[in-house]
Amino acid sequence: MFKFHNVRMYLLILLLAEINSPLPGHAATQGTLGPTSTGSVNISVTKVVEAQITDISDMTLPSWSIGDGDVTLYSNICVYSSTGSYKVTATGSGAGNAFTLSSGGNDIPYSVTWNSNGTGALDNNGTPLGSNMQSTDFSNAATTTADCNHGGAGNDTARVIINITDADMTAAMASSTPYSGTITMLITPF
Amino acid sequence: MRRFLIILAVLIATANQPATAQILGVGPVEISNISDFNLGTWGIGDPAIVAHMDLCIYALVTVPLTSYSITISSPGGYILTSGSHQIPYSLYWDDSGAGNLGSTNGTQLSNNVALTGQMKANILSTSCALGNPSGPNARLTIKITTQDMTNALAGNYTGTITLLVSPT
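Those protein sequences? They're chains A and B, same order as listed.
Start counting the first sequence at 89; every next residue gets the next number (this note's numbering).
Start counting the second sequence at 396; every next residue gets the next number (this note's numbering).
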């Protein structure tokens with residue numbers, strides 16, 4: 089028995105501009121006529137709070153049959169945050185935003201885990217996410233390159249992992265069309 | 396003939412100057428038309444920051460003819476700070492004179508190091524209102540690279556520079 093699973097994820101970019109007035113406590117001062125003349129200039133610039141999620145890949149399991157056991161799929165991701173910190177909200181495409189793969193009227197539930205270990209330290213352990221629920225605080229986002237130096241397994245800063253239990257796979261009805269779903273990931277810097 | 400005309404202009408110009416002004420020796424100077432550099436907000440994808448202000452430098456011409464120097468200093472160097480975080484910037488001085496500002500990129504300045512030999516001060520008016528052409532005669536440009544802005548963590552960054560004009 090073969091079952092096909094295709095989870096497609098789409099890029100979501102969140103830009104949150106925190107526009108604060110640039111400050112100077114006092115205005116520029118003019119020079120006065122004299123043997124020398126001195127003035128002063130205040131300089132201000134605001135780096136906005138913003139984030140970007142890139143280097144996302146689809147996760148595909150070509151087939152599954154009895155005896156193959158639990159399914160684990162993952163995608164390494166580049167999360168940039170100008171603060172270095174962020175929260176993530178993952179939303180499934182099933183009924184009520186559930187994390188489910190669907191084929192016709194049949195569903196397979198899955199769970200989502202987020203690993204935020206940062207560059208060079210990603211693995212399949214992490215924090216379970218509830219669908220459409222903002223996560224706890226994550227750190228280790230890229231702060232000096234918005235695309236993690238063009239991404240790639242060695243440069244990405246986070247990993248999203250999906251798990252389907254052997255029991256759920258076993259219980260699923262065989263289908264001639266793949267089971268598929270979409271996870272939307274919203275990154276919120278703070 | 397040229398020198399005569401210059402000296403004549405000096406005499407005319409000094410006629411309305413304070414009693415401390417001297418024909419011989421170092422004359423008074425003044426820098427004005429100063430404003431703040433409010434560089435706004437910056438986010439990923441924005442270009443490098445380049446901003447300038449046009450200044451009025453007045454220098455009473457003395458005999459022999461003198462130039463002026465500009466020294467721009469900031470404690471800790473040309474950096475903006477937000478708490479413990481920093482963004483470096485660079486400064487450029489353009490002494491092209493009234494009507495010609497922007498015709499060159501200017502000379503890059505170093506913190507607390509005098510840039511000497513600046514010749515295009517206004518000799519007729521402390522506000523640069525007289526002359527042909529009149530108006531601002533020096534330009535200060537600030538630049539921050541995209542890389543330095545990208546590297547910076549989010550925050551409000553500020554700094555202060557002091558501009559010192561001296562006759563030389």
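If you're looking for bench data, these hints aren't it; they were derived computationally from the structure.
The beta-carbon is built from N, C-alpha and C at its ideal position, and this holds for glycine as well.
Treat each hint with caution, since some may be false.
As the list claims (entries may be wrong) - Derived coverage of chain B by chain A (criterion: at least 3 residues anywhere in the stretch with Cβ under 8 angstroms from a Cβ of chain A; other residues may be distant):
id : segment
1  : 427 to 433
2  : 538 to 549
3  : 555 to 561
These are the hints, each one checked on the structure:
Counting residues of the segment 427 to 433 of chain B whose CB falls under 8 angstroms from any CB of chain A gives 7; the rule of at least 3 is met. With a threshold of 8 angstroms between beta carbons, the proposed coverage of the segment 538 to 549 of chain B by chain A holds, since 7 of its residues qualify and at least three are required. Look at the segment 555 to 561 of chain B against chain A: 7 of its residues bring a Cβ nearer than 8 angstroms to a Cβ of that chain, three or more, so the hint holds.
When each numbered hint is compared with the structure, no violation occurs for any of them.
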